[in-house]
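J.: The residues making up each chain are set out below.
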Amino acid sequence: MRRAPVVAISLLFAAAVLSPLVRSPPRDSYPLSNYPMFSDRLDAVNDVRTAVGRDAAGKRELLSPLLISGTDEAMMAVQTVGDAVAAGEAGELCEAIATRLARSGRTHLRAVEVVTERHHAVDYFRGARDPLGAEVHARCEVPA
Amino acid sequence: MREWGLRWFEPAPARRLALLRILVGSAALLYVVIRAPHLMSFGGFEAARFDPVGPVGVLLDGPLPAWAVSALVYATIGAGVAFVAGWRFPVAGPAFALLLLWVTTYRNSWGLVLHTENLMVLHVLVLGSSPAADAHAVDARQGRLRGPGGRDWSYNWPIRVMVLVAVLAYFVSGWAKVRNGGWDWVTGDVLRNQIANDNLRKLLAGDFYSPLGGWLSRYGWVFPPLAITTQVVELGAPLALLGRRLGQAWAALAWLFHAGIVALMMIVFPYQLAGVAFAPFFAVERGYDRLAAAWRRRMGTTPAAPYHPRA
Chain A
8 MRRAPVVAIS LLFAAAVLSP LVRSPPRDSY PLSNYPMFSD RLDAVNDVRT
58 AVGRDAAGKR ELLSPLLISG TDEAMMAVQT VGDAVAAGEA GELCEAIATR
108 LARSGRTHLR AVEVVTERHH AVDYFRGARD PLGAEVHARC EVPA
Chain B
5 MREWGLRWFE PAPARRLALL RILVGSAALL YVVIRAPHLM SFGGFEAARF
55 DPVGPVGVLL DGPLPAWAVS ALVYATIGAG VAFVAGWRFP VAGPAFALLL
105 LWVTTYRNSW GLVLHTENLM VLHVLVLGSS PAADAHAVDA RQGRLRGPGG
155 RDWSYNWPIR VMVLVAVLAY FVSGWAKVRN GGWDWVTGDV LRNQIANDNL
205 RKLLAGDFYS PLGGWLSRYG WVFPPLAITT QVVELGAPLA LLGRRLGQAW
255 AALAWLFHAG IVALMMIVFP YQLAGVAFAP FFAVERGYDR LAAAWRRRMG
305 TTPAAPYHPR A
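Just so you know, the protein sequences line up as chains A and B, in that order. If you use our numbering, the first sequence corresponds to residues 8 to 151, in order. If you use our numbering, the second sequence corresponds to residues 5 to 315, in order.
With the rest of the complex left out, here is chain A (with noise of 0.2 Å):
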C-alpha cells in the first residue's frame, strides 16, 4: 500500500471534519456538524411550543413526544410544533394529535390545545411552575 493515498484520506477525514468551521453563514448539518447545540447565548425566559391534553374539568395534561410528532424524541416533537405554528397549520397538527390521542385509550381527556408557552426556566425548578404567558394557536376535541 502506498503512502501518498494515505495521507490524501487522513487529510480528507481531517478537513471534512473541520469544515463547518469556515461554514458561512454558519449551519448545521449532518455528519459534518458544526455542534450549535448549546452554544447559543440563550436567556433564562423563553417560549416553549407543545401541544397539551385537556380532561373534562380542564385540567392540563403533558402529551408524549409520540403523540405529539409521531417519533418518540421530545425535540422533535417541539420542532414539529413550532413548525406547524410558523406555518399556521396549527389546527392541522391539533387535529393529528387528537386522532393519535383518541387510538392511545387515554379517553379522559377531551381535548388538545397547541400552545406556546412562556416560562423563566431557572425559576421553573425553583417552584415557579406557571407561565408567565401563553397563547392557544389551536384547540380541537379529541374525537370518540
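It is possible that part of the hints are untrue.
[Stated by the list, open to error] Cβ-Cβ distance ranges computed for the label pairs, FRET-style:
| # | chain 1 | residue 1 | chain 2 | residue 2 | range |
| --- | --- | --- | --- | --- | --- |
| 1 | A | GLU148 | B | GLY224 | 25 to 33 Å |
| 2 | A | ALA23 | B | TRP225 | 38 to 46 Å |
| 3 | A | GLY112 | B | VAL182 | 43 to 51 Å |
Because the hints were derived from the structure by calculation, they are not lab data. Here a beta-carbon is modelled for each residue, glycine too, at the ideal position from N, C-alpha and C.
Assemble the complex: chain A is given as a structure, and chain B must be docked to it using the hints.
T.: For chain B alone, kept in the frame of chain A given last:
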C-alpha cells in the same frame, strides 16, 4: 513516553484494527437494529416536513417512498452483519458505511439535526475504507496479512484517523460555543440557562428530563466550573494527539463529560457512553486477551496461546 499521536506509519497489529471493526461495527449495528422502527417511521412523514441535509440533500429533492426507507434500513442491518463478521469486507465495509450514513442522514432530514451518531458514522466510514477484516474475520484468508507477524502501518493509519476525527469533532463543538456564546459561555449564565431550558422543554414535551439538572439550575455558582471543564474537554481535545497517555487521559475525561451530560440533561450519547468511541485510544487487543484469559480460567479450560491470525 513515545510520541504516537501523529505517527501514521508505525506498524500496528492487524488484530487491533480488526477488533475495532467488531466493536464499532457492533455498536452501529445494534443502534440500527434497536432504532429500526424509529428510522422506518420517517417513511410515513408528510413531504412538507422534508428538510434534507448532508448527502440526502445532495441526492434527493423529495422524500423516498415508505417501502424504500424500510428497505434501506433492512439493507443496512444486513450489511452491518457482514461488516462485523468480516465477510466479503471489500464490499461489505464500504456498503455498511454508506448505508449507515444514508439512514442516519435521512433520519436527520426532517427539520431537526441531532448529534448523537455523528462520530459513530465517521468511525464506520474510516473503518469501511480500511483493511479492517484481515484478522478476526470469517473469511480471513491465508496470505492476506501484511507485515511481519501481522504488524504493518496499514493497520495503524485508520486508527490514527479515527482518533483524529474524534478530537477534531470535539474541538469544533468547543469552538462553536466560543464563537456563538463568546467567553460568557464559560463565565456567565449561558450554560445554566441552556441546561434549565433543555430540561424544561423535555418536561413540557412529556419526555424524560433530568431532575438533577433542573434542581442544580437554582445554583448559579455550579455552572462556571462545569463550563470550564466542558471547554477543557472540547477545545483541549487536540492535545490528545500529542501522546498515548495524554490521549487516554483525554478519552477518560471525555467519557466523564458525557456521563455528566446524562446526569444534567438526560441526553444520551450511546456510542460515547459505551466507551466504543474512545476505544481507538487504547490497545484493544490487550484487553481482549485479558478477557479471554479470564474467561478460560472461569470455565476451567486449558490455557491457550493468544489468538494469532493465520499469516
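J.: Does each hint fit the structure? Answer for all of them.
T.: Cross-check of the supplied hints:
no., hint, in the structure
1, A:GLU148 with B:GLY224: 25 to 33 Å, "violated (44 Å)"
2, A:ALA23 with B:TRP225: 38 to 46 Å, "holds (40 Å)"
3, A:GLY112 with B:VAL182: 43 to 51 Å, "holds (49 Å)"
Hint compliance for this structure: hint 1 alone is broken.
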